[in-house]
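Q: Take a look at the letters that make up each chain.
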Amino acid sequence: MSATQASGVAQAKRWYWQRISAMVLALCVVVHLAVMIYAVRGGLSAGEILGRTQGNWGFAVFYAVFVVACAVHVPVGLANIAREWWGLGEGAALWLSRAFGLLLLVMGLRAVVAVVVA
Amino acid sequence: MHKTLKVKVWRGKEAGGFTAYDVPRNESQTVLDVVTYIQRHLEPSLSYRFACRVGMCGSCAMTVNGKARWTCRTHISKVAPDGELEIAPLSNLPVIKDLATDMSEFFDKWARAKGQFKGELTRDAPFAKVEPASPERKAADAGIECIGCGICYASCDVVSWQPDYLGPAALNRAWTLANDVRDVQQVERLRAVAGDAGCHSCHTQGSCTERCPKQLAPTMSIAGLKRKVARAAVRGEL
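Note that the protein sequences, when read in sequence, are chains A and B.
So for the first sequence, our numbering puts the first residue at 1; every next one is plus one.
So for the second sequence, our numbering puts the first residue at 1; every next one is plus one.
A portion of the hints provided could be inaccurate.
[Unchecked claim] Mimicking DMTMM-like on lysine to aspartate or glutamate, the simulated pairs with C-alpha atoms at most 20 Å apart in a straight line are:
1) A:Lys13 with B:Asp196
2) A:Lys13 with B:Glu237
3) B:Lys78 with B:Asp33
4) A:Lys13 with B:Asp33
5) B:Lys78 with B:Asp141
6) B:Lys67 with B:Glu210
7) B:Lys67 with B:Asp33
8) B:Lys6 with B:Asp108
9) B:Lys118 with B:Asp141
Derived from the structure by calculation, the hints contain no laboratory data.
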């Protein structure tokens with residue numbers, strides 16, 4: 001297999017993971033929006049949110065999955081944008097997008113810990 | 001109906017310009033009729049390409065008022081209600097002269113996408129039986145009527161910004177063969193159409209499907225390839 005073909009196969013795998021994570025995200029976004037609309041009926045306050053989330057492991061698991069799905073999904077698309085719009089080489093685009101994915105993962109999980117545990 | 005058409009036609013190569021002609025308007029006139037009139041009566045040196053005149057051969061495609069079309073089956077009444085026409089060569093292909101483009105790269109890409117059928121039966125073997133109602137046969141049928149006119153290729157933005165991209169026609173061809181149960185180079189084909197130059201560059205904008213004069217849907221074919229290639233890649237078959 002040539003280098004171009006190997007890169008094509010790698011790209012096909014990334015596309016697969018982007019698609020799978022999109023399915024997870026579709027579900028997460030719907031649940032997220034529905035809960036939000038339901039929860040803000042009586043107004044929105046930090047105390048009210050934390051009252052719901054603190055110690056709630058259901059929330060924790062749901063949003064941890066949400067964050068992981070984002071961290072898988074976003075870098076794939078971002079790498080394509082970096083290549084097509086910013087003219088980056090394939091290697092640079094991949095590393096940039098992975099770094100951004102890692103940032104999303106860390107910040108996202110940190111936020112989940114903050115509202116559930118802290 | 002206007003009595004005369006105001007027609008601007010591209011003259012030259014990549015560098016050139018539009019020349020204006022007045023052409024008599026006739027009943028049931030097509031764009032190809034107009035170009036032919038200009039060459040026979042007004043501009044004998046005008047170069048253009050056509051053969052069958054009935055929408056089978058795929059050689060007469062041009063850019064008509066900004067959109068790629070098959071000129072032999074495009075009626076003036078449909079594209080120039082105000083009696084004005086601008087006719088240019090197809091986009092995304094090098095211009096040889098006037099309205100004739102060099103289609104070598106377009107067809108070379110069919111070859112690069114492994115657009116050739118390769119079976120393993122000999123002439124002495126009995127006919128292969130392909131169930132007409134099978135999903136593979138139906139998928140191949142949906143894309144098989146391509147006449148190779150290049151309209152999808154000229155309409156594709158991805159081809160414009162990424163010259164290596166195989167393009168809708170070549171990928172549509174690959175998809176019909178990927179669904180041909182007799183073909184024996186499936187893995188090689190999926191490798192050839194994977195990645196940057198292949199199906200994964202498609203942005204699903206659908207210009208190819210919108211403009212295809214045969215009402216084929218290369219966008220669907222490319223989506224099919226994406227699924228098939230990804231499945232094979234994840235399973236380690238590529």
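Q: Now tell me if each hint is right for this structure.
A: Structure-based check of all given hints:
1. A:Lys13 with B:Asp196: holds (13 Å)
2. A:Lys13 with B:Glu237: With a Cα-Cα distance of about 12 Å, the restraint between Lys13 (chain A) and Glu237 (chain B) holds, given a limit of 20 Å.
3. B:Lys78 with B:Asp33: holds (14 Å)
4. A:Lys13 with B:Asp33: Between Lys13 (chain A) and Asp33 (chain B) the Cα gap is close to 50 Å, so the pair fails against 20 Å, i.e. violated.
5. B:Lys78 with B:Asp141: Status violated; Cα separation ~29 Å.
6. B:Lys67 with B:Glu210: holds (11 Å)
7. B:Lys67 with B:Asp33: holds (18 Å)
8. B:Lys6 with B:Asp108: It is violated: about 37 Å lies between the C-alpha atoms, which goes past 20 Å.
9. B:Lys118 with B:Asp141: holds (18 Å)
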